[in-house]
Amino acid sequence: MDVLRRFAYRSGVYPIKGRNVPLFNKVFLRNIEKYGRLFEMSLIGTFNMLSGTPFKDTSLAPKMFLRHKINLLPEKVKGIKEIRGIFKKAGKVSRAKKQSLITIGELIHNYLKR
Amino acid sequence: VESIIADKKTFKYAYFPGCSLKSTSKEYDISAREVASSLGVILKEIPDWTCCGATPAHLTMHILSIGLPVKILLQVKEMGISEVVTCCAACFSRLKFANDIMSKDQLHREMVSRVLSKKYEGEVSVRHFLDVLVNEYGIESISKKIVKPLKGLKVACYYGCLLVRPPEVTKFDDSEDPHFMDDLINVTGAEAISWPYKTECCGASHSLSNTEIVLRLSNDILRFAKESGADVVAVACPMCQSNLDLRQGEIEKRYETKINLPVLYFTQLLGLALGAESKNLGLNMHLVNPFKILQEKGLL
Chain A
1 MDVLRRFAYR
11 SGVYPIKGRN
21 VPLFNKVFLR
31 NIEKYGRLFE
41 MSLIGTFNML
51 SGTPFKDTSL
61 APKMFLRHKI
71 NLLPEKVKGI
81 KEIRGIFKKA
91 GKVSRAKKQS
101 LITIGELIHN
111 YLKR
Chain P
1 VESIIADKKT
11 FKYAYFPGCS
21 LKSTSKEYDI
31 SAREVASSLG
41 VILKEIPDWT
51 CCGATPAHLT
61 MHILSIGLPV
71 KILLQVKEMG
81 ISEVVTCCAA
91 CFSRLKFAND
101 IMSKDQLHRE
111 MVSRVLSKKY
121 EGEVSVRHFL
131 DVLVNEYGIE
141 SISKKIVKPL
151 KGLKVACYYG
161 CLLVRPPEVT
171 KFDDSEDPHF
181 MDDLINVTGA
191 EAISWPYKTE
201 CCGASHSLSN
211 TEIVLRLSND
221 ILRFAKESGA
231 DVVAVACPMC
241 QSNLDLRQGE
251 IEKRYETKIN
261 LPVLYFTQLL
271 GLALGAESKN
281 LGLNMHLVNP
291 FKILQEKGLL
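For the protein sequence lines, the chains are A and P, in the order given.
Read in order, the letters of the first sequence correspond to residues 1 to 114 in our numbering.
Read in order, the letters of the second sequence correspond to residues 1 to 300 in our numbering.
To be clear, the hints were calculated from the coordinates, so they are not data collected in a lab.
Take these hints with a grain of salt, some might be off.
Claimed, not checked - When the alpha-carbon atoms are kept at most 27 Å apart in a straight line, the in silico BS3-like pairs for lysine-lysine are as follows: (1) 89(A) to 119(P); (2) 34(A) to 119(P); (3) 26(A) to 26(P); (4) 78(A) to 154(P); (5) 151(P) to 89(A); (6) 154(P) to 258(P); (7) 76(A) to 145(P); (8) 279(P) to 34(A); (9) 88(A) to 104(P); (10) 118(P) to 76(A); (11) 81(A) to 44(P); (12) 44(P) to 78(A); (13) 258(P) to 88(A); (14) 76(A) to 77(P); (15) 44(P) to 279(P); (16) 81(A) to 22(P); (17) 226(P) to 151(P); (18) 26(P) to 56(A); (19) 77(P) to 81(A); (20) 104(P) to 63(A); (21) 12(P) to 78(A).
What the hints assert, rightly or not - Computed, partial: chain A to chain P, Cβ under 8 Å: (22) 21; (23) 25; (24) 29; (25) 68; (26) 78; (27) 79; (28) 89; (29) 90.
As the list claims (entries may be wrong) - Distance windows between CB atoms, simulated: (30) 297(P) to 55(A): 22 to 28 Å; (31) 168(P) to 112(A): 44 to 50 Å; (32) 54(A) to 253(P): 18 to 24 Å.
Quantities reported herein were computed from a predicted structural model and do not represent experimental measurements.
By construction, the Cβ of each residue, glycine as well, lies at the ideal position given by its N, Cα and C atoms.
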């Protein structure tokens with residue numbers, strides 16, 4: 001199952017109704033590559049924008065802020081260069097295409113499909 | 001005898017909090033540290049730790065999903081500690097998977113050493129905090145430290161998927177009918193109820209990408225817990241907690257129902273029984289307020 005899923009991912013094959021899942025995975029991994037630790041504010045914002053649902057979960061945001069559950073700034077990680085190196089080499093070893101965010105064209109396509 | 005052994009043995013572990021415990025689940029981190037401190041368990045945080053890759057790495061790039069956790073395990077090795085403890089069930093699963101494969105498979109060792117430029121052969125032991133408390137510290141020893149029994153509180157212990165499955169890798173409890181958390185909750189003086197949805201999936205990382213599925217699955221879990229007579233649900237995973245607590249209001253709207261079931265970490269309940277103050281356990285950080293039921297039962 002995992003192997004088939006990864007093959008599908010590499011070939012760019014997505015289930016018609018499940019496009020948001022690979023999109024989320026891409027945004028998540030780009031986030032880790034950039035910050036070293038998950039910066040949830042950026043993850044949620046980027047995912048919502050790219051999935052064409054910018055106002056998703058907006059009612060939850062103030063409740064989470066009040067309870068200190070969302071950090072306004074990313075945590076700094078000293079070994080970020082090492083993490084970026086792992087991403088670069090892991091892509092090479094597994095022959096995956098370089099991770100890239102969804103294109104503007106795809107974004108428009110997503111929006112029109114809604 | 002067990003308590004003498006517990007008193008004499010030094011419980012020192014490397015501690016991997018993981019990303020969730022520094023943001024959406026800070027109360028899990030706070031309460032775990034409080035419990036550890038009460039019991040004399042030393043949790044030494046890995047300096048400058050990084051993300052384990054979680055489910056997205058696992059679903060997309062195999063070598064990355066092994067390489068990121070192995071980087072963390074190598075840091076533990078450099079600390080000169082042989083065991084790493086994590087509270088997050090997802091981190092536990094990724095670290096355990098990576099460790100298991102590195103201890104068995106030469107091909108993976110070679111591939112990962114090319115990515116990390118370091119060698120690793122599965123030397124570190126990966127433990128979940130619940131496992132350490134129940135199987136290392138021991139239920140008997142914990143029972144001697146309980147100062148404020150949680151009498152009259154009925155708890156549905158919810159394990160979810162990643163803590164117990166796949167059993168050949170996690171080697172954690174009975175994968176079909178786990179009881180570690182039930183044993184721990186019973187020793188606090190609360191009652192771990194019998195219910196059928198202990199190991200069902202809550203939708204986990206699909207919370208953002210496929211919210212509708214999360215609402216349906218989490219509704220089933222909360223409904224069964226409520227109908228089984230639970231006052232609160234106890235969890236050991238930050239994603240389960242987020243889905244059942246943060247999304248509970250949305251579930252109530254979507255399914256036109258009233259649930260109002262607080263979802264607490266097992267460390268918060270144990271902390272209360274060990275005499276910790278509620279502010280030191282982050283009980284005020286949940287969306288579904290647990291104070292009302294805890295006050296009704298005379299526990300606060």
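### Task
Quick one: which hint numbers does this structure break? Sort them smallest to largest.
4, 5, 7, 8, 13, 20, 30
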